[in-house]
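Going line by line, the protein sequences match chains A and B. Using my numbering, the first residue of the first sequence is number 1, and each one after it goes up by one. Using my numbering, the first residue of the second sequence is number 1, and each one after it goes up by one.
Hints listed in this document are in silico derivations from the structure and should not be mistaken for laboratory results. Being a predicted model, the structure only gives us computed values, none of them experimental. Incorrect hints may appear among the rest.
Pairs of lysine-lysine residues, derived as DSS-like cross-links and limited to a Cα-Cα distance of at most 25 angstroms, are as follows [to be verified]:
(1) A:K2 x B:K110
(2) B:K152 x B:K23
(3) A:K94 x B:K176
(4) B:K10 x A:K94
(5) A:K9 x B:K23
(6) B:K131 x A:K95
(7) B:K103 x A:K2
(8) B:K179 x B:K152
(9) B:K152 x B:K195
(10) A:K95 x B:K152
(11) B:K109 x A:K2
(12) B:K152 x B:K109
(13) B:K208 x B:K28
(14) A:K9 x B:K208
(15) B:K152 x A:K9
(16) B:K23 x A:K95
(17) A:K9 x B:K103
(18) B:K108 x A:K2
(19) B:K152 x A:K2
(20) A:K94 x B:K208
(21) B:K138 x B:K109
(22) B:K179 x A:K9
(23) B:K108 x B:K10
(24) B:K244 x B:K275
(25) A:K9 x B:K109
(26) B:K152 x B:K108
(27) B:K131 x A:K94
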Amino acid sequence: MKALWSITKKELLSYFTSPIAYVVIAVFTLLSGFFFYSLISWFNMVAIQILQNPYYYQQVNINQMVFAPLFNNLSIVLLLMLPVISMRLFSEEKKMGTEELLLTSPISVTQIILGKYLASLIVLLAMLVLSAIPTILTFIYGNPEPLPYFLGYLGLFLLGAAFLGLGVFWSALTENQIVSAVLTFGTLLLFWVLSWAAYSAQGLWQDVLSYLSFFEHFDNMTRGVLDTSDLSYYLSFAFFGLFLTHSVIQFRRWR
Amino acid sequence: MIETEQLTKKYGDLVAVKDLSFKVEEGKIWGLLGPNAAGKTTTMRILTGYLPATAGRASVAGYDVFEQAEAVKQSIGYLPENVPLYPEMTVDSYLGFVAEIKKVPGPKKKEAVNRAVEITGLSSVRRRLIKNISRGFKQRLGIAQALIHNPKVIILDEPTIGLDPAQIVEIRQLIKSFKGEHTVMLSTHILAEVKEVCDGVVIINEGKLMASGSLDELAQSFSQNDGIFLRLDRTDSGIRDLFKQLPGIKKVEVEGSEIRLEWPWGQNLRTPIIKTCLDNNLEIKEMRSVAMNIEELYLRIVSGGMEQ
Numbered sequence: 001m002k003a004l005w006s007i008t009k010k011e012l013l014s015y016f017t018s019p020i021a022y023v024v025i026a027v028f029t030l031l032s033g034f035f036f037y038s039l040i041s042w043f044n045m046v047a048i049q050i051l052q053n054p055y056y057y058q059q060v061n062i063n064q065m066v067f068a069p070l071f072n073n074l075s076i077v078l079l080l081m082l083p084v085i086s087m088r089l090f091s092e093e094k095k096m097g098t099e100e101l102l103l104t105s106p107i108s109v110t111q112i113i114l115g116k117y118l119a120s121l122i123v124l125l126a127m128l129v130l131s132a133i134p135t136i137l138t139f140i141y142g143n144p145e146p147l148p149y150f151l152g153y154l155g156l157f158l159l160g161a162a163f164l165g166l167g168v169f170w171s172a173l174t175e176n177q178i179v180s181a182v183l184t185f186g187t188l189l190l191f192w193v194l195s196w197a198a199y200s201a202q203g204l205w206q207d208v209l210s211y212l213s214f215f216e217h218f219d220n221m222t223r224g225v226l227d228t229s230d231l232s233y234y235l236s237f238a239f240f241g242l243f244l245t246h247s248v249i250q251f252r253r254w255r
Numbered sequence: 001m002i003e004t005e006q007l008t009k010k011y012g013d014l015v016a017v018k019d020l021s022f023k024v025e026e027g028k029i030w031g032l033l034g035p036n037a038a039g040k041t042t043t044m045r046i047l048t049g050y051l052p053a054t055a056g057r058a059s060v061a062g063y064d065v066f067e068q069a070e071a072v073k074q075s076i077g078y079l080p081e082n083v084p085l086y087p088e089m090t091v092d093s094y095l096g097f098v099a100e101i102k103k104v105p106g107p108k109k110k111e112a113v114n115r116a117v118e119i120t121g122l123s124s125v126r127r128r129l130i131k132n133i134s135r136g137f138k139q140r141l142g143i144a145q146a147l148i149h150n151p152k153v154i155i156l157d158e159p160t161i162g163l164d165p166a167q168i169v170e171i172r173q174l175i176k177s178f179k180g181e182h183t184v185m186l187s188t189h190i191l192a193e194v195k196e197v198c199d200g201v202v203i204i205n206e207g208k209l210m211a212s213g214s215l216d217e218l219a220q221s222f223s224q225n226d227g228i229f230l231r232l233d234r235t236d237s238g239i240r241d242l243f244k245q246l247p248g249i250k251k252v253e254v255e256g257s258e259i260r261l262e263w264p265w266g267q268n269l270r271t272p273i274i275k276t277c278l279d280n281n282l283e284i285k286e287m288r289s290v291a292m293n294i295e296e297l298y299l300r301i302v303s304g305g306m307e308q
């Protein structure tokens, strides 16, 4: 456990001594702020008009009108940005030859993978926490429902954790960081558009495809529904990515 | 301390190491010698547990490399050919990190880092970023990293490559200082290095063992006689006969201004020879061993296929 934390500390140091983490966090926070500002301004405008008609009063819901679209937008931004966080995890070690140091140390491959993964999750957490600061103000000036709000952020975190799990896997396969990022990005896009294919598919295929798609599961959470099948989907996706990483590292040595 | 038995490693169809068996005793410095692509790095990677072997056995510090990998990794310090450094870390934080992953207990970490820094002479750059220190310091840091957990066995892959002559001398001194306390195996293709630093060698070529043993043993097995070169203030035919009379002498040859004297291994005729010179008022200008030099030995072993 201690060795795992050493790896995590080392990775965090690399993230924060290079510009990568700062740039990713800053851009993510900026975009998040912009989306939030546009949505809340639009919501204000609509709310003022609608409130003059008591019939529509019940339909003005900040969770559905601001947070649900915000979380959807942020999920796409995560898809674009997280490959940059995961791309260096193993690729850089291989390129620098430091992989040999790690693999000849008395720590297990599992500890190395989990240590690195944990560091990337901490960066993800920092992105989400910083971007949430403006949105939390709505609790002071309005009364959104807390459950869908928090589940939305939990959903973003789980979604990001799954993205990073896949990213770690691609990073273990290549020593080129760009290749690693592009492959991660491509695979994530594929999992995203699976839901499009699901619309036109029939029967069992439709079920399978829509189950596999990232965003079908995400929609439930932004609506305030926590289903164990969604949770297990993200967790097993991340676990599968890490498991494949382990296999790749072992296989390369045994070849 | 290090032992291999019929060690074989194949990369697909390519055989990198074939039936390699050798032994290194405790506290000795042993060289792994061979031309480029002879299988030196592969052998070291197998010993350190980085690569698994295709067949055969290897043990380090009494632990089996395959069965007890973690114990082996704990007892080995390893400097790979490409020094594994993180440029964005400082020397101190890097050594601290290595101490942690080598499982140096928390309270002893600082002491371990200080010790490694002191032994390798890194105190002047401790707080600098690794990307800003010179090549020589990077190499020292690579060695410091291998020493940090005070391992029984140190494996160094080409420790002096890419250094300037002064740095080479320093690193060799450093390696020599490990003698007795650690068992060291270093790979190189620089023969002078072996002669200066090592107690013995394992010579491999194309993945196969060509010879192994202490330098003296090898020299003995490839030439029948021990002997000296002697340069005196005069050379005439009388001198030749003078030495021929010495009991035990097998060969007396005059080569230019030098006299080559040989006798069978096991005897030592140096003192009687000097005595003869003194008795006959001959001034000794130079005297050196005739035992086969390492270049000659290496070339005969590697090119001549003189397998043992």
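Index of numbered hints that the structure contradicts, given in increasing order: 3, 5, 10, 14, 15, 16, 20, 22, 23
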